[in-house]
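Between the sequences and the hints, there should be enough to build the whole structure, so can you do that?
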Amino acid sequence: MEERMNQDQRSTEGRCGRFWNGMDLLKDVTGSKHFLPTGLEGVDTLLGGGLRQGQLTEVTGPSSSGKTQFCLHSASHVAAKHMGVVMYLDTSNSFSPSRIATIIDGTPGLFCQRGSQSTIFLPFFLPLSYGFDLQPKDVRLKNIMRSIICESVFDVFALSEVLHQLEVSLLNDKEKNGGSRICLLIIDSISSLLAPIIGGKYPQGRAMMISVAMILKKLADEHNLAVLVTNHMVSAGNGAVKPALGESWKAVPHVRLVISRDRGSNICTATVLKHTLLASGRTTKFVVPS
Amino acid sequence: MGSGENNPLGAQNAWDMLSDEQSQKHITTGSGDLNNILGGGIHCKEVTEIGGVPGVGKTQLGIQLAINVQIPMQYGGLGGKAVYVDTEGSFMVERVYQIAEGCISDILEHFPHSHEKSSSSNKQLQPEHFLADIYYFRICSYAEQIAAINYLEKFLGEHKDVRIVIIDSVTFHFRQDFDDLALRTRVLSELSLKLMKIAKAYNLAVVLLNQVTTKFTEGSFQLTLALGDSWSHSCTNRVILYWNGNERYAYLDKSPSLPVASAPYAVTGKGVRDVVSSNHKRVRVT
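Just so you know, the protein sequences line up as chains A and B, in that order. This note's numbering numbers the first residue of the first sequence as 1 and each following residue consecutively. This note's numbering numbers the first residue of the second sequence as 1 and each following residue consecutively.
Note that these hints are calculated values from the structure, not bench results.
Chain B is nowhere near these chain A residues, computed Cβ spacing over 12 Å in every case:
id, residue
1, 29
2, 34
3, 41
4, 48
5, 203
6, 252
7, 254
8, 256
9, 269
10, 272
11, 279
Covered, in the sense of this in silico footprint (three residues per stretch, anywhere, with C-beta under 8 Å from a C-beta of chain B), are these stretches of chain A:
id, segment
12, 68-74
13, 93-99
14, 148-155
15, 183-195
16, 228-236
We treat Cβ as the ideally placed atom computed from N, Cα and C, and that holds for glycine.
The following block contains the structure:
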């Protein structure tokens, strides 16, 4: 790991020579750092358009609050709008292809249960789905689903491995400049990989956590990936809960979103804890279509 | 899509995973209503947590699954073997024999002709055969439990026909003699990742039975599953068993692909079955 950290250091030194002025940055941001809509339009408004390329978005919430549904929705929506390839790292065997298919199919539930907001949602979604209805339905489904790639990861070493391979393949793709590029990386959940190694009296765990954070942010920035990770919640004493992974992780995500679900219903509440552009503390309700 | 093919073994696109998933068979719980809310039964490659108050039928369901996973393929089952990790000492082998007999009599009732034709497959339909295909581990401390789960990976590599691992219960030892709660959380989250890995790598179902505890939230004491908030994230699906008057109910509390729902079930002499009124065909209390 020490070796890897040194590597990271060397590459930052290499980048020092190339400085950017404000206009370059603005051009980069407007040209290649787009918002990828999640398809949950209340949430998209809350996030200023969706998950931003170049940034790390964290979704946190209690068990069964809808974090995985949020990820599955974002993955399906981004793939269905042909914005690029989605890479989904699954730590809890909860990547459900049938759920993805249902979301892509746009079940009646997807439209009906949205209530008044559906008018905002329909206009930009329908022309697209009509366009692809020219193809047989399952050809469209097949094409979309083939652009979602899922890999199971069960420990932090495997995660580092996958991220490094991803970096290599992204660099190669850049040279070739062909094929669909990965635009969204989802890790559901990053906390289940990191929780076993942090805490206790050994500092190595924390160092590994930060090195994972560094590579995620580097990939996001250099390859215009939107990174979406989920975090669980732990007790903060006196019955309250807070996001897990502690204070040093708190500084890592650009955007933090906490969601909760009323027991027995599919109405979720999302609150912005942290955002780079917009005010935090804002809240919205959204429906996870059944 | 090129990047997908460059990825190492294990990366798969959602389309291929969908066709894999659709060809999967599920492990029946014995109750049609319960199977319905679970999307056909207990799924392989997933970790399912089942919790409930003492006496509601957690162990019964665990034993039932250990038997049902062995229903031969020609009768619509998986024809697999079971690993049963018993931490509480509640695995009553006479009861297992009864449930196996109940399962066999139900199979014969459903396929009245097939057993006359082939006497060879009839050999499989003996309670003794069902009992012999359960690998049973008795665990007496949390250290043993950690060791057993670490060993499982090797064991399953040697016994590829195991299709279900049942841990009854995952809680027991960790609730007795563990002082350092932060350490407990770390150990448990590592265990849960190992179980996730086993489920995926060996294409089997992992079923964790959990106890309940009281938790003080929003001004009242409520029953929740034991082992705390961090643990609650460590399963793919969660089913809570509870009493509703005199009827047993199961509530699907968490699932990535299915809506929350509840269904009644019964524990009969033959094992876990539908409540009599809702399905007259399968349940005939003897």
